[in-house]
Amino acid sequence: MGLNKVTECERTKLESFLDKFQLPNSFKKVGIAIFLLSFVVLTIIKFADNEPLWLRPALKQAMLVGLLMISISREKIEDELIQILRSKSYALAFIIGVIYIMLQPLTNELVNFILGTSEAPDNMGYVQVLLFMLLIQVGFFEVLKRNR
Amino acid sequence: MENSIKVERAILNLTQDDLAKKIGVSRQTINSIEANRYVPSTVLALKLSELFNKPVNDFFKLTNDD
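From first to last, the protein sequence lines are chains A and B.
Here this note's numbering = 1-based position in the first sequence + 503.
Here this note's numbering = 1-based position in the second sequence + 1.
Take the hints with a grain of salt, since some may be wrong.
[Claimed, not checked] Lysine to aspartate or glutamate pairs mimicking EDC-like chemistry, simulated, CA-CA at most 16 Å apart:
(1) B:Lys22 / A:Glu583
(2) B:Lys48 / A:Asp582
(3) A:Lys648 / A:Glu554
(4) B:Lys22 / A:Asp522
[Unchecked claim] Chain A is nowhere near these chain B residues, computed Cβ spacing over 12 Å in every case:
(5) Thr16
(6) Asp19
(7) Ile34
(8) Val44
To be clear, the hints were calculated from the coordinates, so they are not data collected in a lab.
Since the structure is predicted, the reported quantities are computational estimates derived from the model, not experimental observations.
Just so it is clear, CB atoms sit at the ideal spot from N, CA and C, and this is done for glycine as well.
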């Protein structure tokens with residue numbers, strides 16, 4: 504059996520399908536630019552008095568798109584170790600994301616109890632959760648990559 | 002698992018970067034394998050075997066921990 508055939512044996516159809524979801528490495532820089540730009544504009548409009556209603560949600564979506572682009576961009580050399588580290592970072596982001604969602608209402612209650620306030624529970628939007636999970640994934644992936 | 006990739010690489014007078022390019026991985030992956038931080042897949046082990054012209058068992062050895 505040739506080496507190429509051995510390689511094909513180890514690759515399931517699902518793995519080949521997942522490969523199509525990855526963007527070329529150059530998209531990482533585009534993603535970073537979109538994320539940073541939307542973050543800066545979001546910070547600036549916090550101090551603005553009247554901004555268009557659509558601007559804030561649109562910028563949050565742009566931040567999500569930027570982070571997703573960073574997350575699914577290939578490395579310059581996308582080898583098997585990188586793929587393992589990427590999988591680990593997604594697993595960590597998922598577990599930490601779920602724990603975050605579970606603990607967030609408790610934290611709010613605790614802060615309200617300590618401060619003696621009675622603020623209405625802050626419902627987490629999907630943007631907040633997805634941003635948190637993507638940030639954790641991108642962060643852990645970089646840490647794992649540096650310590651490989 | 003322990004390996005003697007570093008020795009085999011020295012015999013062929015290859016740098017980590019040369020070996021990495023020959024088997025299509027990054028230099029850091031070769032470094033991780035040599036430092037026993039990462040156990041490569043069967044495919045990568047067979048690629049190394051082909052390059053070193055030796056069976057996989059000659060440069061990958063099981064330890065008592067395995």
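Return the numbers of the hints above that this structure violates; sort them in rising order.
Violated hints: 3, 4, 7, 8; rest satisfied.
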